[in-house]
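Enquirer: Based on the provided sequences and hints, a complete structural model is requested.
Listed here are the chains, written in short residue letters.
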Amino acid sequence: MKRREFIGSLTALAVSPHISTTDPLVYSFTRGRPVRPGRVKLEMPPLAENGHSVAMTVRVDSPMTPSDHVRAVYLIAEKNPVRDMAVFYLGAHCPRAEVSSRLRLNGSQQVVAIAELSDGSFWSDAAFVEVREAACTDGG
Amino acid sequence: MALARIDLPHAARRGELVEVRIVIQHPMETGFRRAPQGERVPRNAIHSLVCRYSGTEVFRATLSTGIAANPFLRFFLRATQSGDLDFWWLDDDEVQGAAQTHLVVSS
Amino acid sequence: MRKYLILAALIACAAQAQNRSGLEFASDEIRRLQASDAENPGMLWVDQGAKLFAQKCASCHVSMKGVATRYPAVEDGRIVTLEAKIRHKEAFAYESDELLALTSYVAHQSRGMPMNTKISEKDVEKGKAAYYRRRGQMNLACAHCHEQNWGKHLGAETLSQGQPNGYPAYRLEWQKMGSLERRIRACMFGLHAELPPYGSDAMLELELFLVWRANGLPIETPAVRR
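Protein chains in written order, with the working numbering: chain X, 1 to 140; chain C, 1 to 107; chain B, 1 to 226.
Hints were generated in silico from the structure; no laboratory data involved. Certain hints may be false.
As the list claims (entries may be wrong) - Just a sample of chain B residues kept apart from chain X, beta carbon distances all over 12 Å, derived:
| hint | residue |
| --- | --- |
| 1 | A50 |
| 2 | C60 |
| 3 | H61 |
| 4 | V67 |
| 5 | A143 |
| 6 | E147 |
| 7 | D201 |
| 8 | W212 |
Said to hold, decoys possible - Derived contacts from chain X toward chain B, CB cut-off under 10 Å, selection only:
| hint | residue |
| --- | --- |
| 9 | R31 |
| 10 | E49 |
| 11 | G51 |
| 12 | N106 |
Think of the CB as a built atom: it goes at the ideal place given N, C-alpha and C, for glycine as much as any other residue.
Expert: Shown next, in the form of structure tokens:
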């Protein structure tokens, strides 16, 4: 086997440390293809005073040209009762692969962002958010 | 009809990057909350949202209950010509919402 | 009893000397949200209020600038809140989106202006007594947290002075806009105390005292709070 092919196959084995590719939610859009760490930056505050609204920005390092762009970004929460949070569909027309929103987090947990590129590859990043509990619950 | 607030630069030059921000009034009900009498408040969240600029789709999202109430979204588009920015969304109760604004583009 | 009242008066004076908005005790994220009209969810209610105002109020009323700085007020011996004034033509339900929207819109027109109610210390006697009275299973008075211990921690939260200048406010806990009365009730709930009904004398007296105490603080509606 040529050296380039050998190294290529090694990178294909690189697994995302952020989330398992056999996780059913991840499999539903990756179909088992490898998810590699990198190229995605998920920005969330390390400490959130309140789980009701936590700021999130996700950026993907991509030239966003017709031949090389981000197709979609998937957001998955580790511990929310409903783990799929959002999918942002971008595409070649989008000039910058950057989306912000506000998330609801059910307690301290990891949030994972997986980007699907136009070449069919998947890349990931994760952020751990410590979520504080309210001192007095409201009741209305 | 749900209210929305769209923030956009009032004008842009052709080819320029434009930052779009929108806040939509919607409870994004998770289905896990309980009303004062104790009964579960049923799930109702915006699940689909599309933004079109001069008729062309520039942004699409599938949202879920993990998005905070009164959802906020920020994304980018490239200014081409003056045109309308049309937002459309649909929630679990099959209620549609829409909001519109205009982008003025100079060459 | 007299000694207690004197102590209460002294504390009240000291507190008034350094009135601090709830914003000072809020997290960076909440401050950021409040500072951005584009991102502050409370602005949705202000927008809705602007529309309703144009439909229902503009035939008689022109500008609402400065109005919110003068309420609650004492008119003909009765305590009148902004909500009560807004309901004078159409009786919107308390905590309804319409009433919240209109109240937010009117208060927002005075954003940045200092609260400047024309109420005297005599007017707030009952409210002040209520503020210092222990209540609920916790057997605490408002003053215990918001006068004696503001700035300190209760769990992971920092106790505020309990100032009303940001209301109606978008509270993350409610995930929507809410009135000052709702917030007072929520606090009472935390004490496991009986909740005064909306618009009741007990509620109005407390509101009047809070606003008298807050005189000088700028209106921040729509504030964002946790």
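Enquirer: Each of the hints needs a verdict: does it hold here or not?
Expert: Hint by hint, here is what the structure shows:
No Cβ of chain X approaches the Cβ of A50/B within 12 Å, the least distance being about 24 Å, so the stated non-interface status holds. Chain X leaves C60/B outside its interface by the beta-carbon criterion, the shortest separation being 34 Å against a cut-off of 12 Å. The beta carbon of H61/B sits about 32 Å from the closest Cβ of chain X, which is more than 12 Å, so the claim that it is off the interface holds. Interface exclusion of V67/B from chain X stands, the closest Cβ pair being 28 Å apart, more than 12 Å.
The Cβ of A143/B lies farther than 12 Å from every Cβ of chain X, with a closest approach of about 16 Å, so its non-interface assignment holds. No beta-carbon of chain X is positioned within 12 Å of the beta-carbon of E147/B; the least distance is around 17 Å. Every CB of chain X is more than 12 Å from the CB of D201/B (nearest about 21 Å), matching its label as outside the interface. Taking the minimum C-beta to C-beta distance to chain X, about 25 Å, the non-interface status of W212/B holds against the 12 Å cut.
The criterion of a C-beta within 10 Å of any C-beta in chain B is not met by R31/X, whose closest approach is roughly 36 Å, and the hint is violated. Checking E49/X against chain B by beta carbon gives a least distance of about 4 Å; that is within 10 Å, so the hint holds. Because the closest C-beta pair between G51/X and chain B is about 9 Å apart, less than 10 Å, the hint holds. Nearest Cβ of chain B to the Cβ of N106/X: about 14 Å, over the 10 Å cut. The hint is violated.
Hint violations for this structure: numbers 9, 12, all remaining hints satisfied.
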